[in-house]
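Going line by line, the protein sequences match chains A and B. Residue numbers for the first sequence, in our numbering: 2 to 329. Residue numbers for the second sequence, in our numbering: 2 to 329.
Which copy is meant is left open, because identical chains are indistinguishable; a pair holds if it fits in one copy or across any two.
Listed next, the in silico BS3-like pairs over lysine-lysine satisfying Cα-Cα at most 25 Å (straight line): (1) 112 / 326; (2) 31 / 259; (3) 59 / 112; (4) 326 / 99.
Quick caveat, the hints were computed from the structure, so don't treat them as lab data. Fair warning: this is a prediction, and the values are worked out from it, not measured in the lab.
2 protein chains.
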Amino acid sequence: MSIRIGIFGYGNLAKGVELAVRNHKDMELKAVFTRRDPSGVKIKTEGVPVYHADDAVKLKDEIDVMILCGGSATDLPTQTPQMAEMFNVIDSFDTHAKIPEHFDNVDKAAKKSGKTAIISVGWDPGMFSLNRMYAGAILPDGEDYTFWGKGVSQGHSDAIRRIEGVVDAKQYTIPVDAALDAVRSGSAPELTTRDKHTRECFVVAEEGADLERIESEIVNMPNYFADYNTTVHFISQEELNANHSGIPHGGFVIRSGKTGLNGEHKHIIEYSLKLDSNPEFTASVLVAYARAAYRLNQEGSAGCKTVFDIAPAYLSPQSGEELRKHLL
Amino acid sequence: MSIRIGIFGYGNLAKGVELAVRNHKDMELKAVFTRRDPSGVKIKTEGVPVYHADDAVKLKDEIDVMILCGGSATDLPTQTPQMAEMFNVIDSFDTHAKIPEHFDNVDKAAKKSGKTAIISVGWDPGMFSLNRMYAGAILPDGEDYTFWGKGVSQGHSDAIRRIEGVVDAKQYTIPVDAALDAVRSGSAPELTTRDKHTRECFVVAEEGADLERIESEIVNMPNYFADYNTTVHFISQEELNANHSGIPHGGFVIRSGKTGLNGEHKHIIEYSLKLDSNPEFTASVLVAYARAAYRLNQEGSAGCKTVFDIAPAYLSPQSGEELRKHLL
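Model the full assembly from the supplied sequences, consistent with the hints where possible.
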C-alpha cells in the first residue's frame, strides 16, 4: 500500500512536493488543499482533487502524511499545530529564533492526537543542521562555518523591490572564495560578515528613475546590505526575465577540527549543496521525511520531532537488510 | 556521571580513541585491554589500568561501552560477538561483503545479553554510508559517486612491501580532479576505475635491486594496481620517514540528482573529508557513537545497529532542547 500524501497550500514549494512524490514508488499524492477557491487552482497531476483548506478534516482517514507548504511568518505557526490535531505532518518552518516555541505548540497538538510531526525540514534548517550536529559531535574541538549561495535570496530581492523607483529585482548571495579556501586550509580563521559573502543585485528601474539614489539606498540598507560588499547592476525587465528567472541556491557547512595529543592533526568535514531549484530540492527533503513520519507513527510514536530525532533509515524505502548490504 | 569507556586492543585506532575520549566532558577512559602482556603496554593516559583481554569479564560492571579496535580480517568477527555478551560495544568492521553476516552474529549475542552494539562505525563504512543514504533518499532520481583520497592505503602499501627487493613503501590513492569536476557539473558521467583514481607509490628498494622489475610488478599487480594509472618513485628510507610517515586520508561522496517535470533541474549533494590522521578521525567517530550506544541501552534498546539506525541526536552531548535552539 502506498503512503498517501496531502499537500497543504499550493505555491512553489508545494509544486516541488507534487513532483517529488512521483520519484517515490511507495507514495501517492492523494489531495491538494488551498485557501483559495479550489476551482481556480490547476495542479500538474491528473486525477488528484483540489479541496478547500477547511475541508481537510473530511479527509482525516484518507491521508497518511500532510505536507505543509505555507510560509514561516504567518502560515505555519497556526497551520502546523492545527493540522497535527488530525494528521501526521511535515513542515519547513525556518524562523530559527522561534523554533523552540513552534516545537512546543506542535508537540502538544501531536501528542494529544497521537500523530507524528516533523518540523523545520529542508536544507537550512534541515540537512545543514544535521551536518553541523554530526560534525560537532565527532570533532568537539573545532569551529563551524556556514556559507550560503551562490543563490537567490527571496527576502533580499523583496527588500530591493520595496525601494521607490524599482520595478523588479533579483539578489544573489555569493560566498567569497578566499574565505572558503581559508576555512578549508584548516587555519580556523575568524571571519566577519563582510569576509564571508558578497551580494549581487540585478535591478529593473522605472524609466527616468534616479539610479544613483537607488544604488545608494540598496548598498546602505541596514541588516540587508550595509554589512556586505554589494554590487548593483541595472538591467531591463527582458534581461531579468531571460537570465535571472531561476531559483538556484546552495551553500557549504564546514567543520574545521583538531585531534591528537596537542591538537596537531587537522580535519575538515565539508557538506555542500549546489541546487538548480531551491524549492524543488527543499520539497525533496520534505517528502523523504514524510516517509519517516508515516513509519514512526505506524510504530506508535507521537509528538513533535526534528531531523535530529529521526534515525536515517526511516527516510529510505529500503529495508535495514538492504541498506546494510548495499549502502553501508 | 561519566560514560565509562573501555578500549579493546591497543594499535593506532585505539590510540586515537584514547585521545578522542579526552575531548568529551561526559566520558572517561576506564581501562585498556590487550592480548599482549599488559605490563609491556604503556598507554598515554596516566592512572588508567591496562588488563589482559581475558580479564575483560571482571570489569563487566565497570565499563559502559567497550570500543573494539581490532582488525576486520580476523579480530572483529570473533571479538565483537564475544564482547557483546558482556558489554555495549562499538566496532569499525569494514569488510563490506561480510557486514550482513557480522551483523547477524553480533545481533544474536547482544539480544541475548540485553546490550547495544553498533558495528561498522567510522567514515567508510560510517559517515560516507550515511551520506550516500540521506542523499539517495532525498534525490531518488540520481547517481552516487564515491572518491577516496588523497590518502594512504595501508593495504596497497603492504602489497608493495611483499614484492622481492622492496624494503618499505607508502601508497597514496588520489582522486582525479577531472573526474570530480565532471561529477560536480551535474553531467552524471560514467566513470571507469581508471578515470576516478590514480595511485602514487613511494618505494624504498634494497641496494642493487632490479628497480625496473619492481616497478613492473607494482603497476601490473592485479586488483591492486593493474586497473589504475600508477606512478612509482624510488626514494631512500630517510626520505620516506621524513616525508611520508603521516596517515592522511579522506574522500568525497557525491550525489548527482534531478528534479522537475522532466528532470530539468540538477542538484549536487557533496560530502567530503580531508583528514590529517585517518585513525584519529575514525576513532573520533567511534567515540561519538559510543555515547549513542550508552544512551540507547539506558532506554532499554538491545541488539545490533548500524549508523543507519541511530537518530543523530544520540551522538551529541546536548539535549534536544539545546540542539533545537542552537543547531537547527
